[in-house]
Amino acid sequence: MNKYIFIILALFFISCSNNNILFDNSFLQKIKSNNSIIYIIHGDGDYLFHNEEGEELFADEEILKQAKETAEKSYDSEVFIFHFKKKSHSFLFFPDKNAELYFYKKGNLILEENYFRDLSEATFKKESDLVKEYSSLNNENINQQKKVLLYYGHEIPEFNGESYNSSYPEKEFTINEFANGTSLLASSYKKNKFSLIVLSTCGNGTPGVISKLKDYSDFIIASPENLHLSYINSDFISEINNYKNMGDFSLKFAENAFEKLKENTNTIITISLYDTKEVSSFLNQVYNDYDEVLNTIKNSPNYYEAELCDCNSNSIPDNADLNSGVNIFYQPPKFGKEKNKLFHSGWECWKFDKNMSINFR
Amino acid sequence: RASLFITILVLLLIQAVNAEEPEVQLKNYFNNVAVKVKNTIDPVEKRELLNTMFKKVLASIEVVKDYPFLTKKNLAGISIFQNSIQEKYFELNGMNGYQKVADANLNSFASYTVQDTEQALTITITLLGLILIILALIILF
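Chains D and P, in that order, are what the protein sequence lines are.
Residue 10 in this note's numbering is what sits at position 10 of the first sequence, and the numbering runs on without skipping anything.
Residue 1005 in this note's numbering is what sits at position 5 of the second sequence, and the numbering runs on without skipping anything.
If you are wondering where the hints come from, they were derived from the structure by calculation, not from laboratory data.
It is possible that part of the hints are untrue.
Stated by the list, open to error - Stretches of chain D that chain P covers, calculated by requiring three or more beta carbons in the stretch to come under 8 Å of a beta carbon on chain P:
| hint | segment |
| --- | --- |
| 1 | 48-60 |
| 2 | 265-279 |
| 3 | 330-344 |
All residues carry an ideal CB built from backbone N, CA and C; glycine is no exception.
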């Protein structure tokens, strides 16, 4: 009996111990990088899609591969890749660690660590602690540091955020939690702000989302409409040190991602680049109206009837400067009602008629 | 009595579909048809494959909508999904103000259907709705 207990415990501890630190951290801290890149890849949901050849792929696994390849080419950057996975168990009873970190420095894999995401903690608290522990940026010229956060996942909800994580459906996750988590991550650095945030998600190019994130980044890239699950390509991150001006880099990054999506996407493509300083005026003009609609939706039992549409076709104040501070890369869908829509404002707004209720029967 | 029968059938058949999640099953269903379309040379056959798929899914949805225990939220998601499939059917056949999809564009249209549906399934439809549509597809066809 004791022999069997020993074997089970041995197997348990073997499955738990899967951290792989290749270098001593005190040594690593002496190697400074100019840039810091953080990938957060959400995989705790349904991310299955099919490519043009009909092959079954998982969006989070595909972007994880791409992130690792990009990290290996990023010789001037430290790269943190966090991958959130679905809950699983070994031998029926023992919970597997539900997140993994790959940490690269100057193109080399330094650390590979599996850990538990504790969803009772603040969003991205654990990730922020890991960044603080391992980051070593060159602080001699802090203003030339470039810090990029890339988030890959489903649309971050502005309301009704339950079931975002399929393994923890009771845990709410909305743009509020994401913004708080972003703030924590930004505080891992001396200058508490990112140069660029990339939201590779559907439907997050809205005044609400950009308002919540604008204080944490100089530039934000987001998709106002649905986004194909092949996602915003991040190859171009390895070029970051070739650009002094972050605005130029962000524009080129967005353009590169757009061109890659065009290759195989038949549905709509919208990639917006927001200069958070320049869009502030527009956000101030529309925010009250936008917030009123959002609150009406949140307080309605029929909240699920709300839909997003191009702000251009929505009732926003006439003097609102929709185009200021936004660069939009847009391709209409190849089919459907919108195939002849030539322009997009770069923003999506909520449309909701509280008096309307779809008649189903 | 009919409601009870349907409920028992649903509960029994949930065991069968649990082997693979219903979203996966439905996505694979659309993808399998798209692959057949692309592997077929004859545009008449391509159209027939797509039309048959749309008709089966729409018929399944009609059956599912009568299920008595669906909430308004479930029905809203199913209705949006139904409209999306209906519009694609109209466009394929040049109905309801649409220009008919040309023979040369049928492969692209099949890809578009897969991509658009995969995005829609993630966003609009609840798990219960998905299970019921899959069950209806299995039972009826």
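Status of the hints after comparison with the structure:
For the segment 48-60 of chain D, the assignment as covered by chain P holds, since 6 residues bring a beta-carbon within under 8 Å of that chain's beta-carbons and 3 suffice. Here the segment 265-279 of chain D counts 3 residues with a CB under 8 Å from a CB of chain P, which clears the bar of 3, and the coverage holds. Note: the segment 330-344 of chain D has 5 residues with beta-carbon separation from chain P under 8 Å; the three-residue rule is met and the coverage holds.
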